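Protein chains: 2
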Amino acid sequence: MVKVQIYVTLKAGVLDPQGSAINNALHTMGYNEVSEVQTGKFIELHMEKTDDVQEKVEEMCHKLLTNPVIEDYTYNMEEVVSS
Amino acid sequence: MVKVQIYVTLKAGVLDPQGSAINNALHTMGYNEVSEVQTGKFIELHMEKTDDVQEKVEEMCHKLLTNPVIEDYTYNMEEVVSS
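Quick note, the sequences are listed as chains A and B, same order.
Reading the first sequence from the start, the letters are residues -4 to 78 in this note's numbering.
Reading the second sequence from the start, the letters are residues -4 to 78 in this note's numbering.
If you're looking for bench data, these hints aren't it; they were derived computationally from the structure.
Hints should not be assumed to be uniformly reliable.
Which copy? The list can't say, so a pair holds if one copy fits it or any two copies do.
[To be verified] When the alpha-carbon atoms are kept at most 16 angstroms apart in a straight line, the in silico EDC-like pairs for lysine to aspartate or glutamate are as follows:
| id | residue 1 | residue 2 |
| --- | --- | --- |
| 1 | Lys(-2) | Glu66 |
| 2 | Lys(-2) | Glu43 |
| 3 | Lys6 | Asp46 |
| 4 | Lys6 | Glu39 |
| 5 | Lys(-2) | Glu31 |
| 6 | Lys51 | Glu66 |
| 7 | Lys51 | Glu39 |
| 8 | Lys58 | Asp46 |
| 9 | Lys36 | Glu73 |
| 10 | Lys(-2) | Glu50 |
Predicted, not measured: the structure shown is a model, and the values here were computed from it.
Could you put the whole structure together from the sequences, leaning on the hints where they help?
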């Protein structure tokens, strides 16, 4: 089994209204030291380890998990040793 | 300036309908090697470096960025050297 952690963020230049809203809220609450907020998604998959697991993950990201037009993603993978 | 990356996930035992929906969709698409999907949020803050920056981040997480009743969070911080 492998655990895959995928981080999806908006591409540079794409408006992030959720990030702006959080930034405004933090300023209203007095956290004026915050200058920029960006939001994204985090997806964790547990899947069987196969030879083409990396290829599969990229395929899933392109087809379902992300919108490649406006989103970028990075991922890391670690093997889970089941007891 | 510091860049703070916050990962928010649901606590163990809290239902994750979005994760289940992704899991079902992946199975429908033929990715039967996926056994579990968990979703979360990813928030990146850019803020001024102060002595109590860590404390501030935890305070913001508790007050606004996460729901401590059902969500856990982890974060990492790195210094940004502006040119």
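- Quick one: Lys36 to Glu73, C-alpha cut-off 16 angstroms, is that within a copy, between copies, both, or neither? neither (19 angstroms within a copy, 20 angstroms between copies)
- Message: Regarding Lys58 and Asp46, is the shortest C-alpha distance of 16 angstroms or less found within a copy, between copies, in both, or in neither?
- Response: neither (20 angstroms within a copy, 44 angstroms between copies)
- Message: Within a copy, between copies, both or neither: which one fits Lys6 and Asp46 at a CA-CA cutoff of 16 angstroms?
- Response: neither (30 angstroms within a copy, 32 angstroms between copies)
- When no copy is specified for Lys(-2) and Glu31, does a C-alpha distance of 16 angstroms or less occur within a copy, between copies, both, or neither? between (31 angstroms within a copy, 9 angstroms between copies)
- Query: For the identical chains here, do Lys6 and Glu39 meet the 16 angstroms Cα criterion within one copy, between copies, both, or neither?
  - Reply: Close across copies (14 angstroms), not inside one copy (21 angstroms); limit 16 angstroms.
- Item | Within, between, both or neither: Lys(-2), Glu43 at alpha-carbon 16 angstroms | within (9 angstroms within a copy, 34 angstroms between copies)
- Task: Indicate which option fits the pair Lys51, Glu39 if close means a Cα-Cα distance not exceeding 16 angstroms: within, between, both or neither.
- Result: Within one copy only: 14 angstroms inside, 27 angstroms across.
- Task: With 16 angstroms as the alpha-carbon cut-off, assign the pair Lys(-2) and Glu66 to within, between, both or neither.
- Result: neither (22 angstroms within a copy, 20 angstroms between copies)
- Message: One pair to classify: Lys51 and Glu66, alpha carbons no more than 16 angstroms apart. Within, between, both, or neither?
- Response: Classified as neither: same-chain Cα gap 18 angstroms, cross-chain 29 angstroms, threshold 16 angstroms.
- Message: Treating 16 angstroms as the Cα threshold, decide for Lys(-2) and Glu50: within, between, both or neither.
- Response: within (15 angstroms within a copy, 31 angstroms between copies)
Of the hints listed earlier, those the structure fails to meet are numbers 1, 3, 6, 8 and 9, in rising order.
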